[in-house]
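Using the sequences and the accompanying hints, generate a full structural model.
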Amino acid sequence: MMLAENVVELTIASQLEFIDLVTTLTDNVTRMIGFDEESAYWVNMAVRESVANAVEHGNKYDPQKTVDIRFTIGVDALRVTVRDHGEGFDPSTLPDPLDPNNLLNPAGRGILYMRTFMDQVEYERHPEGGMIVTMAKRRAPQPISESGEGAHKQDAVRN
Amino acid sequence: MMLAENVVELTIASQLEFIDLVTTLTDNVTRMIGFDEESAYWVNMAVRESVANAVEHGNKYDPQKTVDIRFTIGVDALRVTVRDHGEGFDPSTLPDPLDPNNLLNPAGRGILYMRTFMDQVEYERHPEGGMIVTMAKRRAPQPISESGEGAHKQDAVRN
Amino acid sequence: MQLEIRERAVGDVSILEMTGKITIGEGSVQLRDAVSKLLDAGRNRIILNLGGVTYVDSSGIGELVSRFTTTKNSGGKLKLLNLTKKIKDLLMITKLLTVFEIYEDEQTALESFQ
Amino acid sequence: MQLEIRERAVGDVSILEMTGKITIGEGSVQLRDAVSKLLDAGRNRIILNLGGVTYVDSSGIGELVSRFTTTKNSGGKLKLLNLTKKIKDLLMITKLLTVFEIYEDEQTALESFQ
Ligand SMILES: Nc1ncnc2c1ncn2[C@@H]1O[C@H](COP(=O)(O)OP(=O)(O)O)[C@@H](O)[C@H]1O
Ligand SMILES: Nc1ncnc2c1ncn2[C@@H]1O[C@H](COP(=O)(O)OP(=O)(O)O)[C@@H](O)[C@H]1O
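Residue numbers (our numbering), protein chains in the order written: chain A, 1 to 159; chain B, 1 to 159; chain C, 1 to 114; chain D, 1 to 114.
Cross-link-like lysine-lysine pairs, in silico, DSS-like; alpha carbons within 27 Å at most: (1) Lys95(D) with Lys137(A); (2) Lys21(C) with Lys77(C); (3) Lys21(D) with Lys137(A); (4) Lys137(B) with Lys88(C); (5) Lys137(A) with Lys85(D); (6) Lys137(B) with Lys21(C); (7) Lys88(C) with Lys21(C); (8) Lys21(C) with Lys86(C); (9) Lys21(C) with Lys60(B); (10) Lys95(C) with Lys137(B); (11) Lys86(C) with Lys137(B); (12) Lys60(A) with Lys21(D); (13) Lys137(A) with Lys86(D); (14) Lys137(B) with Lys85(C); (15) Lys137(A) with Lys88(D); (16) Lys72(C) with Lys37(C).
In short, the hints are calculated from the structure, not lab data.
Dropping the structure here:
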């Protein structure tokens, strides 16, 4: 029930079919806050990867487990967190997809995508289980509001 | 964390700006499950009205209060619930917008819209406060799956 | 921009060509402002061309009714032109089809002011 | 349908013209199936025309790599044609630009099989 005024949350069951709902919502959020086409495209891709991982590796397609996505529209950046309810993992132990020996691997490039397309990507184990990844993408500098402090919160959403 | 496999939930802060996110998600859900253009259009409109009421009359634009929208993709129908965290109201005491004396009222037609466009609309007070409205729209009859019982759940989402 | 409104004058009749959505918030406010501006300028013979309007929520319908009333109270008339099937449906559902004067072509709408 | 694939033969070279998205699930599976079908028919000189592909997620890139390897293992070759700027970016990020043989026009791609 409590939620900051600049937050949108989406919860889906662990089905790949629902990923498109998440990316379309992502497109609408990035458009609403004025991301250019190119940035919006890459944010969409990063969100897709994180949600696919949550469905596939985190929740292992368990239909009872949800993926919880949260968009926080900050003045400086859009923050997206994706939480699953799986066993978690240690991202520091993953093989490097750019190692010449791994270039022909059929998988293992999702987190690379995310780190490339977003300005910040951080993995944590959620205290109540599962992983939570927090990704941020900076917004273009906002024009300074002429109407002073009061107008800033609205701007965060509208611009 | 627990959620049936055919459920999508969206939570927004009480801002009119976010209503478009909800209706676009609605369009994606109705398209995914095969509603025709016309039905999808009216479901979109009913969802808009219910969310607008939750933001405006329920939460009274309180930025701390959320509107919680839940889509349940049933085999026979799409069910949408919209919950607010306001004081609630008694829908049986509302003026009839079709009464000749009310035709020129500037407001009061939202619930009429919802009841017209959906097959079912039910208001309840939520046990923990606020109103919850449950709306259902029947789906076109599904083709019977040839692969038997097991395939039905998937069909509920895919068709 | 949810709604675009272009203003055109034919003699003392003003035509507002509207394109987009009339919905709670932005769209409704734009409609209100456009009509107010005309009335403030003493132009109270108004045609709303809704041919390009794809979506009108209950707040938008309410706004149409309000503008109709305000214009009438100022001694003028507000009429509707070019309703799509969906908007006709909405006016039927809300029993407003007979409240508004509705026209299918601009010429007839203009002549109705004579 | 996420992805559409049309098959065309020029001599013993098969061209798959792909339009849409190659993503986890449907799109990747369609690509796998289309290449398998060719290899099963003994056609292992393959050009993927990606000119109409607007989006390739990491699963899709993985699928391209897998089909490249499978075709090679069957004694053939799989080459890429008409990459958009975005897909070139993705192959650069994943250091796969030099793994694939990439062509800008069909004629040159076809001749490379001679
Ligand atoms: N949410 C998650 N829960 C558990 N393991 C994960 C999660 N996300 C990623 N992983 C692990 O990290 C690995 C690398 O992920 P990624 O780079 O996205 O590539 P891919 O998904 O193709 O394997 C996965 O194979 C998996 O072992
Ligand atoms: N979620 C809600 N919480 C409290 N009151 C509500 C809610 N939804 C509707 N109402 C009440 O019902 C009335 C009629 O609603 P509606 O038919 O949507 O028309 P309008 O929103 O234009 O007033 C509202 O004016 C309000 O008093």
